[in-house]
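**Q** Listed below, chain by chain, are the residues.
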Amino acid sequence: AQSVAQPEDQVNVAEGNPLTVKCTYSVSGNPYLFWYVQYPNRGLQFLLKYITGDNLVKGSYGFEAEFNKSQTSFHLKKPSALVSDSALYFCAVRPPPGGYQKVTFGTGTKLQVIP
Amino acid sequence: DAGVTQSPTHLIKTRGQQVTLRCSPKSGHDTVSWYQQALGQGPQFIFQYYEEEERQRGNFPDRFSGHQFPNYSSELNVNALLLGDSALYLCASSHRGVGPDTQYFGPGTRLTVL
Chain A
22 AQSVAQPEDQ VNVAEGNPLT VKCTYSVSGN PYLFWYVQYP NRGLQFLLKY
72 ITGDNLVKGS YGFEAEFNKS QTSFHLKKPS ALVSDSALYF CAVRPPPGGY
122 QKVTFGTGTK LQVIP
Chain B
168 DAGVTQSPTH LIKTRGQQVT LRCSPKSGHD TVSWYQQALG QGPQFIFQYY
218 EEEERQRGNF PDRFSGHQFP NYSSELNVNA LLLGDSALYL CASSHRGVGP
268 DTQYFGPGTR LTVL
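If you read the sequences in order, they're chains A and B.
Under my numbering, the first residue of the first sequence carries the number 22, and numbering increases by one thereafter.
Under my numbering, the first residue of the second sequence carries the number 168, and numbering increases by one thereafter.
Simulated from the structure, these hints should not be mistaken for laboratory data.
Keep in mind that this is a model prediction, so the values were computed, not measured.
We put the CB at the ideal spot given by N, CA and C, even for glycine.
Among the clues, some could well be false.
Covered, in the sense of this in silico footprint (three residues per stretch, anywhere, with C-beta under 8 Å from a C-beta of chain B), are these stretches of chain A [said to hold, decoys possible]:
1) 63–71
2) 124–132
Sample of chain B residues lacking proximity to chain A, with all beta carbon distances greater than 10 Å (derived) [as the list claims (entries may be wrong)]:
3) GLN185
4) GLY225
5) ASP229
6) THR269
Next up, chain A with everything else stripped away, as it sits in the complex (with noise of 0.2 Å):
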């Protein structure tokens, strides 16, 4: 069974700092990654997704992520974190092609950028 990892509950950073929010996941395959963006009492905004090849992913807003197959881990990342960031962050997986395709979310990772 596929799963994912968000082994923080919140993570702060001041703003102007480089941000990381941690995720790792367990899927057979070569997985599909994503990272999505919820603001209070909205839907879920894409921000950016890892399916082949380099391993840097870039996305909206500044951000990007890092695919590393050894550690099964896709950690999201800024450089330098706006007061705006603060949100909540779920990474997502998904199976290759073919079978059961499923998206199983994280619990999620509240992100609070300190002015």
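Add chain B to chain A, keeping to what the hints say.
**A** Quick look at chain B alone, frame taken from chain A:
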């Protein structure tokens, strides 16, 4: 280009009642997935519809059912509501024909069961 829309925004029901939630996918998308997000949790996959048929299903009881219409819009029906069904219900659309499909989410319907 309209994104994913859901209705209603909020809904209050009592135990035992039935509810129908609606979703219109993003323009150009033909696949709709439904998720339940309980407070403080990540979204849990309920089921996915493509070509008007349920294609994938998560670990939800038969009280949860759905439908997809020829215009790709979808409904989620929940019968015999329980207090534990209180959650944010999210609809996500994607285009099945385009590789590893990225799902785009609607704003959700907040269901409260009293």
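**Q** For the segment 124–132 of chain A, count the residues whose Cβ lies under 8 Å from any Cβ of chain B; is that count three or more?
**A** holds (count 6)
**Q** GLN185 of chain B: least C-beta distance to chain A exceeds 10 Å?
**A** GLN185 of chain B is indeed farther than 10 Å from all Cβ atoms of chain A, at 24 Å.
**Q** Please check whether the segment 63–71 of chain A has three or more residues whose CB lies within less than 8 Å of a CB on chain B.
**A** holds (count 6)
**Q** Taking the closest pair, is the beta carbon of ASP229 of chain B still more than 10 Å from chain A?
**A** holds (18 Å)
**Q** Does THR269 of chain B sit more than 10 Å from chain A, CB to CB?
**A** violated (6 Å)
**Q** Just want to verify: GLY225 of chain B was marked as not at the interface with chain A; is every Cβ pair farther apart than 10 Å?
**A** violated (6 Å)
When held up to the earlier numbered hints, the structure conflicts with 4, 6 and fits the remainder.
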